[in-house]
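Protein chains in written order, with the working numbering: chain E, 1 to 254; chain G, 255 to 647.
Simulated from the structure, these hints should not be mistaken for lab results. Some hints could be false.
Here are a few chain G residues that face chain E, going by a calculated C-beta distance under 7 Å [claimed, not checked]:
#1 274
#2 279
#3 534
Note that the coordinates shown come from a computational prediction; the quantities given were computed from them, not determined experimentally. By construction, the Cβ of each residue, glycine as well, lies at the ideal position given by its N, Cα and C atoms.
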Amino acid sequence: MNRINQKLQSTKKLLSIYFTAGYPKLNNTVSIIQDLEKSGVDFIEIGLPFSDPLADGPTIQESSTIALKNGMTTEILFEQLKNIRKTVSIPLVIMGYFNPMMQYGVEAFCKKCAEIGIDGLIIPDLPVKEYNENYKAIFDKYNLINVFLITPQTSGERIRFIDEISNGFIYMVSSASVTGTQNTFGNTQNEYFERIGAMNLKSPQIIGFGISNAETFQQATKYAKGAIIGSAFIKHLNENGTNKIAEFVKSIRK
Amino acid sequence: MSYFVDENGYYGEFGGAYIPEMLYPNVEELRQKYVTIMQEASFQKEFKSLLKEYVGRPTPLYFAKRLSEKYNTKIYLKREDLCHTGAHKVNNTIGQILMAKRLGKTRIIAETGAGQHGVATATVCALMGLECIVYMGEIDIARQAPNVARMKMLGAKVVPALSGSRTLKDATNEAIRDWINNPVDTHYIIGSVVGPHPYPDMVARFQSVISEEIKTQLLEKENTENPDYVIACVGGGSNAAGAFYHYLDEESVQLIAVEAAGLGVDSGESAATSVLGKEGIIHGSRTLLMQTKDGQITEPYSISAGLDYPGVGPLHAHLCKSKRAEFISITDDEAMQAGLELCKLEGIIPAIESSHALAVFNMKKFKEDDVVVLNLSGRGDKDLDTYIKYFRL
Numbered sequence: 001m002n003r004i005n006q007k008l009q010s011t012k013k014l015l016s017i018y019f020t021a022g023y024p025k026l027n028n029t030v031s032i033i034q035d036l037e038k039s040g041v042d043f044i045e046i047g048l049p050f051s052d053p054l055a056d057g058p059t060i061q062e063s064s065t066i067a068l069k070n071g072m073t074t075e076i077l078f079e080q081l082k083n084i085r086k087t088v089s090i091p092l093v094i095m096g097y098f099n100p101m102m103q104y105g106v107e108a109f110c111k112k113c114a115e116i117g118i119d120g121l122i123i124p125d126l127p128v129k130e131y132n133e134n135y136k137a138i139f140d141k142y143n144l145i146n147v148f149l150i151t152p153q154t155s156g157e158r159i160r161f162i163d164e165i166s167n168g169f170i171y172m173v174s175s176a177s178v179t180g181t182q183n184t185f186g187n188t189q190n191e192y193f194e195r196i197g198a199m200n201l202k203s204p205q206i207i208g209f210g211i212s213n214a215e216t217f218q219q220a221t222k223y224a225k226g227a228i229i230g231s232a233f234i235k236h237l238n239e240n241g242t243n244k245i246a247e248f249v250k251s252i253r254k
Numbered sequence: 255m256s257y258f259v260d261e262n263g264y265y266g267e268f269g270g271a272y273i274p275e276m277l278y279p280n281v282e283e284l285r286q287k288y289v290t291i292m293q294e295a296s297f298q299k300e301f302k303s304l305l306k307e308y309v310g311r312p313t314p315l316y317f318a319k320r321l322s323e324k325y326n327t328k329i330y331l332k333r334e335d336l337c338h339t340g341a342h343k344v345n346n347t348i349g350q351i352l353m354a355k356r357l358g359k360t361r362i363i364a365e366t367g368a369g370q371h372g373v374a375t376a377t378v379c380a381l382m383g384l385e386c387i388v389y390m391g392e393i394d395i396a397r398q399a400p401n402v403a404r405m406k407m408l409g410a411k412v413v414p415a416l417s418g419s420r421t422l423k424d425a426t427n428e429a430i431r432d433w434i435n436n437p438v439d440t441h442y443i444i445g446s447v448v449g450p451h452p453y454p455d456m457v458a459r460f461q462s463v464i465s466e467e468i469k470t471q472l473l474e475k476e477n478t479e480n481p482d483y484v485i486a487c488v489g490g491g492s493n494a495a496g497a498f499y500h501y502l503d504e505e506s507v508q509l510i511a512v513e514a515a516g517l518g519v520d521s522g523e524s525a526a527t528s529v530l531g532k533e534g535i536i537h538g539s540r541t542l543l544m545q546t547k548d549g550q551i552t553e554p555y556s557i558s559a560g561l562d563y564p565g566v567g568p569l570h571a572h573l574c575k576s577k578r579a580e581f582i583s584i585t586d587d588e589a590m591q592a593g594l595e596l597c598k599l600e601g602i603i604p605a606i607e608s609s610h611a612l613a614v615f616n617m618k619k620f621k622e623d624d625v626v627v628l629n630l631s632g633r634g635d636k637d638l639d640t641y642i643k644y645f646r647l
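With the hints as extra help, turn the sequences into a complete structure.
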């Protein structure tokens, strides 16, 4: 069984952390992953930096620009991760935009992920239809989970469809926004979380975008299986470097 | 072979809608409704009336006598430079503002590079009394001050794009992010035949008035609807799409798309996407784009701010790959000389974008009885600074 599906069976609420590979320094990737696991994070999203990250706010844009300036490439990321399964056992997901994967070759990319022990991919600009018609067979061949997004604007019918074709979890975008914009959740979010909860979907939901502290983490996981923190962690790295990762994780999961 | 968009939003292998799920409801609504809305009698009536009374259409198809004599062929200029706001861009913004109103949107966003599309959008927003926000790269704001002032006078808010390379591609990213953040009340007026389906097709349809008029006008002047050649410059490709549109299936009409070579195709400072680009995804569309081996989008260069886009619309990628259109690259120097030549021979100061198309007459020999239509996409007033510096006027 894929590590993601195993993890989703656990009874606890899951905390996932996103970071941009190659930030703050080119060679921080492995130590950040190890430190996050040691700090009790349940799974990790490794961001493959892209020059034009459409769905991201300023914090992740900036970290991507710096990572690319540091020299991060798809090739280098795979090289850094090649022995990661010797030390890390929690699920690892690569999050990135489709163009760099296309240039590497989608099949070659998936094959490499499988060799390394990557469990899934999140590709915000690869639409559900394109995935289903052209790439699903490749992902299945390499036992990779593709994670789809839903938003407060996604229709009930479409959510049912996405639930049907998901084989891991559904990434619930908390609000109509790019990453890193929301600081608190109001009634609109709670209503949306409740509405999705009441749909009794087969796929567990993990909420992302706008989770930045213990309060928003608790609020999100009241309704969903888990939550993902991205921009807030990047800000933490920016302010504290890579030495205080455990403190950050502890502050979320009090 | 079809050169029009198929039911899935593709031109051959190019096109589609590679968008984050956050944009799906907006783009899907547009996809479902755009053709129906455009075909409504009331829409057509309002669109045509505004093009006539407000934009000043039909624009003349002018026989350029002295230019024709010099190159020993028959050259007609389609005078899009005479449109209100100075370029063909307004054909599309008029269409899209009417579309936005019918979709019940109250807030308009747009991207702009040199500022021409921003001005055309600010203009129609003023005309309709709608809120207008234009994203423009911080670097472009500094080098296109008069157009920034125009947009402000027209009531638009100009927001600097501070991310990435701070030019057109980043302004487009910012506009897309704005749309993600404001999914309910906002319509995004894209300025070229780029972006996710249905934008390339919708913009091409609004611009197709150019070739529709050429057909009628040429019939009057040459007793045939079809010229031997149609020439147009291509950045994203909206004026070329409009000039080619009604000729796409007329195989006897040869189409010439002119890209900006910048300092030269091999100089590293170029915007010749058909030569330097590889298939990939930019701004939601699968098309040819300039990128690194690793798939990072690179910054193009041209002296013309309207041509330095790192991609090209999916229709043009298809026309290039299928060889339906011939793609020619013109350097800064060749374009500037051709622009100056039109001033001296015909008393018309062209936009530097259009000057690239004009330079084709020095690259390619036409027969004496060939009828060549060149789409003069814009006027050169906005480029005076560049002309002054280049020619030390």
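Hints and how they fare:
no.	hint	in the structure
1	274	holds (4 Å)
2	279	holds (4 Å)
3	534	holds (5 Å)
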